[in-house]
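Colleague: Read off the chains here:
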Amino acid sequence: MSLTEGKLDRADLLKVGAAGALGLALARPAYSAALRSEATTLNWLTWSDHYANDQLKTVSKATGLQGRPTLFSDNADAYLKIKQTGSQFDIVSADGLWVPKYVKDGLTETFDLSSLPVSKQLYSLARQFPFWQSGSNYMAYPFSWSTVQIYYNPKYVKVKPTSWHAILDKKYAGKISLENIPTDMMAIAGRATGAKKPYSMTTAEISRAKAYLKGLKPNVLKLASQNNEVVRALADGSAWIGITNLGTDDRVKDAGGPVVKSAYPKEGTVGFIDSESIVKASKHKDVWAKFINTTEQAPWIAKNFLTNGRPLFNEKAYKILVNQGHGDRARRLLYNKPQLALQMTIKGPAGDQQAYTDAFNEVFGA
Amino acid sequence: MDSGVPAPPRTGRSRFAAFGQYGGFLPAIVVFGVFFAAPLALIVAYSFWKVVDYNVVHDWTLDNYRYFFSVGTYARTFWATIWVTFSATALTIVIAFPFAYWLVRYVSKRLQALLLVLVILPFWTSYLLRVYAWLNILGPEGAINRFLHWIGLTSQPVSFFLYDRPAVILVLAYLYFPFAALTLYASLQRFDWNQFKAAMDLGATPATAMRKILLPQIKPGITTAVIFVFIPILGEYLTPQLVGGARGVMIGNLIANFFGVGQYTRGAAAALLIAALIVALLVVFRRSLEVRDAYAP
Numbered sequence: 045m046s047l048t049e050g051k052l053d054r055a056d057l058l059k060v061g062a063a064g065a066l067g068l069a070l071a072r073p074a075y076s077a078a079l080r081s082e083a084t085t086l087n088w089l090t091w092s093d094h095y096a097n098d099q100l101k102t103v104s105k106a107t108g109l110q111g112r113p114t115l116f117s118d119n120a121d122a123y124l125k126i127k128q129t130g131s132q133f134d135i136v137s138a139d140g141l142w143v144p145k146y147v148k149d150g151l152t153e154t155f156d157l158s159s160l161p162v163s164k165q166l167y168s169l170a171r172q173f174p175f176w177q178s179g180s181n182y183m184a185y186p187f188s189w190s191t192v193q194i195y196y197n198p199k200y201v202k203v204k205p206t207s208w209h210a211i212l213d214k215k216y217a218g219k220i221s222l223e224n225i226p227t228d229m230m231a232i233a234g235r236a237t238g239a240k241k242p243y244s245m246t247t248a249e250i251s252r253a254k255a256y257l258k259g260l261k262p263n264v265l266k267l268a269s270q271n272n273e274v275v276r277a278l279a280d281g282s283a284w285i286g287i288t289n290l291g292t293d294d295r296v297k298d299a300g301g302p303v304v305k306s307a308y309p310k311e312g313t314v315g316f317i318d319s320e321s322i323v324k325a326s327k328h329k330d331v332w333a334k335f336i337n338t339t340e341q342a343p344w345i346a347k348n349f350l351t352n353g354r355p356l357f358n359e360k361a362y363k364i365l366v367n368q369g370h371g372d373r374a375r376r377l378l379y380n381k382p383q384l385a386l387q388m389t390i391k392g393p394a395g396d397q398q399a400y401t402d403a404f405n406e407v408f409g410a
Numbered sequence: 241m242d243s244g245v246p247a248p249p250r251t252g253r254s255r256f257a258a259f260g261q262y263g264g265f266l267p268a269i270v271v272f273g274v275f276f277a278a279p280l281a282l283i284v285a286y287s288f289w290k291v292v293d294y295n296v297v298h299d300w301t302l303d304n305y306r307y308f309f310s311v312g313t314y315a316r317t318f319w320a321t322i323w324v325t326f327s328a329t330a331l332t333i334v335i336a337f338p339f340a341y342w343l344v345r346y347v348s349k350r351l352q353a354l355l356l357v358l359v360i361l362p363f364w365t366s367y368l369l370r371v372y373a374w375l376n377i378l379g380p381e382g383a384i385n386r387f388l389h390w391i392g393l394t395s396q397p398v399s400f401f402l403y404d405r406p407a408v409i410l411v412l413a414y415l416y417f418p419f420a421a422l423t424l425y426a427s428l429q430r431f432d433w434n435q436f437k438a439a440m441d442l443g444a445t446p447a448t449a450m451r452k453i454l455l456p457q458i459k460p461g462i463t464t465a466v467i468f469v470f471i472p473i474l475g476e477y478l479t480p481q482l483v484g485g486a487r488g489v490m491i492g493n494l495i496a497n498f499f500g501v502g503q504y505t506r507g508a509a510a511a512l513l514i515a516a517l518i519v520a521l522l523v524v525f526r527r528s529l530e531v532r533d534a535y536a537p
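Chains S and C, in that order, are what the protein sequence lines are. Read left to right, the first sequence gives residues 45 to 410 (this note's numbering). Read left to right, the second sequence gives residues 241 to 537 (this note's numbering).
The shape of chain C in the complex, shown without the other chains (with noise of 0.2 Å):
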């Protein structure tokens, strides 16, 4: 609001107090320039370009977008990530939920100590590995079907554990599992649970408690768990590559499919679709973040 009182003249001093003020955001801006915004600005950029003989040349078109939304088989693709992502991701917190849950109501501070360390065990094994073992598991020689022959049930190795979606999502909530646990730990761990008690005291069935008390109050930390879950498996691409078979293809690989011959400009248009759905899902997900300011009138 304009006050009309002029306002006085910059001496060097007070741009040196304004430098002061805000010369500490420098480092950020500098690390978030070089790191996140100008990586990001170099994918728009390829995604209006066009690549000729494996050359980026830098006409400015819209042909990339054009064909990701006049071809079928991306919305199609698109659509399945989107429906593996959510499933793995709803998998992966009903088990990590129960599993938190249980840590932190009847297990001692010692043995959570050593619990968690057992959920982060497998992170000290590469990403490969860890998917590769599922071959072992879900493959036609794997513990799976070597188990069914046992106990007799079987007399051919079955291949429905592998090279479909339902292995993708499996092999999925597995690797994501540990982000779930421990940013629901970190939020249960939190919680008040005195007033779990009140409430059963008052005569809510547990179920109720649940529901009323508890689930409001960690929803910010399924919300987290969730974010952490469901983002990175929407950019997925080595997991269905290797167990998800040619019907569970992701749109991740796709893209692969892009970069892998050096058609870039294509590559980077999905890239940001994919990143344009992360950014609504993230405003989606703004509301369950938000914490209440304790000083607000």
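Chain S extracted, bound-state conformation (with noise of 0.2 Å):
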């Protein structure tokens, strides 16, 4: 290679190219040997309130086990990626009945719940939620729960919601915010207009899900990509409803907004169930218990409760809040009361998605 001159040719480029695979294929097996030494990477594909930064750096330690978290907002979103990428993710969060979806479709699979000894932490209700039993096994290691349910501003809104068509009042124009999930939207919709299956609606119950959402439409101020951007809203004033889970109130005035007061619409709502489960195709099947067994445990569910407010199935991490001086919090935020997560419609896939997300765009459309 002339180097005085300064120029590359193209065979000096060849050259240098097959000098550079050749030794990277002769670093590999040293470098593969390093990153084996090191802990083993889980890759999590979950929501931003299932772990906390700290946590994940102490399971690493303790058990050589690094959690790398990828963020999904909705379930549907999770579905397709897992579904995708085949052995790309080892954990993936998921919500009510996308639980049985993922274990029929044979991207997740089912395991020995009371094998693992953090479950003796949890409510004994959530080890025996019928719709993830699949035998003696169980789907997916419970994690929280929360209703979806109005929250509002009682500055501005001086009646309290009661109704899920009390907030279609055109007083309230510009004034909601909501997240951008077509499918729980709808649902919501299908409660409020006397759906029986709302994740499952027939089209004329479409139809009326579909009229409701075109009511609210004019009072929806945005729909927001993450949940956070709804606390926002609230928070700064510029929204005076929100639409979105048990513990907003703290939150909202965690970031030094105003008063929120909850409301549970009398139509009933829908809500989550979530969970962790395993991806089928995961290559470290193995270490996933001793996962979840140091990352599910009290201390760590009792700080995620503090920091994000929604009541979760860790029953010991009850007790540590009660100890610490935040029961009254905890029993506000239904988190003694895991019984009521059954009365909720619990998330699922839609029945006819293509119906569902045409009706929303639809809606939400110019």
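FYI, nobody ran anything at the bench for these hints, they're computed from the structure. We treat Cβ as the ideally placed atom computed from N, Cα and C, and that holds for glycine. It is possible that some hints are incorrect.
[Said to hold, decoys possible] Facing chain S, from chain C, some residues (calculated, C-beta under 8 Å):
hint	residue
1	A320
2	E381
3	A383
4	P472
5	G502
Build the complex from these two chains, which are given one at a time in their own frames, with help from the hints.
Modeller: This is the structure we're talking about:
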């Protein structure tokens, strides 16, 4: 190579490329060995409220298992990622009736819940959800739950909105914030309009739900891409009403916002029971139990509750919260009443996803 | 035209020569094929398939296109998208042109370099951060509202600035300003300003000289700037999602909704309709980009 001329011709380039490739090939075994000696990385497709960075660091130090979260917002999005990426992920978080779909479609696998010592810290009810039973096995490790309800700023909303129809009032024009999750919004609209199965609506029920959303649209400030945007809108006063999870009142307060109150619509609502599952194609299935057993310990779950403010299924963590003086808050957010989780319409895949998305887009398009 | 003379038979040597002549295109053909033609063909195929229970089923159908043409929302959203894109592009050019003009004509070369670095400085941060920054400027607690409150013009935060189309247009103009400014700068820098001076010497007003001498000569530069701004904005969905609110939705948001829940075939059809519009616009723009062949008779 004629370096003195500072030029690289095609032959030189090929030589350098070949030398580089050879070097990489020779270095690879040593590099792989070095990687093997370090922590095993578990790729975790999850929501941001399922972990804390200090928790992952501590777990990594204690077990040599490094959780690497990748975030998603909508269950459908996560389902499709797992379906398309094969072994790229080891753990996936999923809501309620999405979990059986993952198992049915061969994307996650069941396990013996009682083989995880940490499962003894769970409420007994959370160990027996009928929709997660698969013979003697369980489909997912239960994590948290919440209803999706109305939060309102009493400074502007003088009458407590106890019905989904109350928020259609024109005086709330451009003052409602909600998450941009077409399936769940259609299901909420289904509940508002009396659909029997909000996630499997008939064509007529979809039409009624669509009409409800059309009525709601002028009042919608924004369709938030993440839950924290709803909190932010309530905190900075741009939204007077938020359709969101339990604990939003505390999160708005923590964000320096005003007092917001919750209202549970009389038509009922949807909600999530979420969990962690083993991805079937994972190459680290053998360490999944060890990872879950360490990350789901009660002290971490108690901390998680204080940060994210919605009930979780770890009963031992509730006791820690009570001992730490957070009992009132925990009870206010229904931590001690996991049975209420079964009264809501549990989130799941839509019966006809295309019809749901079409209807949602037809409403929220220009 | 058939000359009536039979073509000589191809020998191995002539085939080799032909390969040598066109073989150089092979890398470009491979790159073009792998990164453009194949994905595009896949999107076209998807747009004619359907989805059943989150699985793409290879049954050929026109349903996706039929659906878009039968539902008024999409035509309205499409029109709104074009309107927002046009407004944002116009605003960007209106801001970028005087800036580039001032930079070329009145700023020293050394300072020009510094100012150009400042123009591209926002690219050093992520797109998302730049949009989020605008939430803090336009929001109820944002800089504009604080300023209006400080000068006593308002007593309550005004929500007008955020979560509507004007906010989308403003933020898009900010995001795409560097593309337009740099393109126009390059074009203006090549312009022979003596012609401009000559026109004025011959009695043209500055406005006339600009209209009749400058603008026609930098037309390809303006067209390129418009292309660089208009086309990417057509497919935008993040900015309208974050600052547009429910009233600032663009077609990209609806497409994102389709892809987010695995309705790939619907999403592909909508994306292709936008692509068709872009191709049509490029055909229109192409006339403005034509450069006279110096060796043409």
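Colleague: Each hint: holds or not?
Modeller: Hints and how they fare:
no., hint, in the structure
1, A320, "4 Å, holds"
2, E381, "5 Å, holds"
3, A383, "13 Å, violated"
4, P472, "20 Å, violated"
5, G502, "5 Å, holds"
Going down the numbered hints, you'll see the structure goes against 3, 4, while the others check out.
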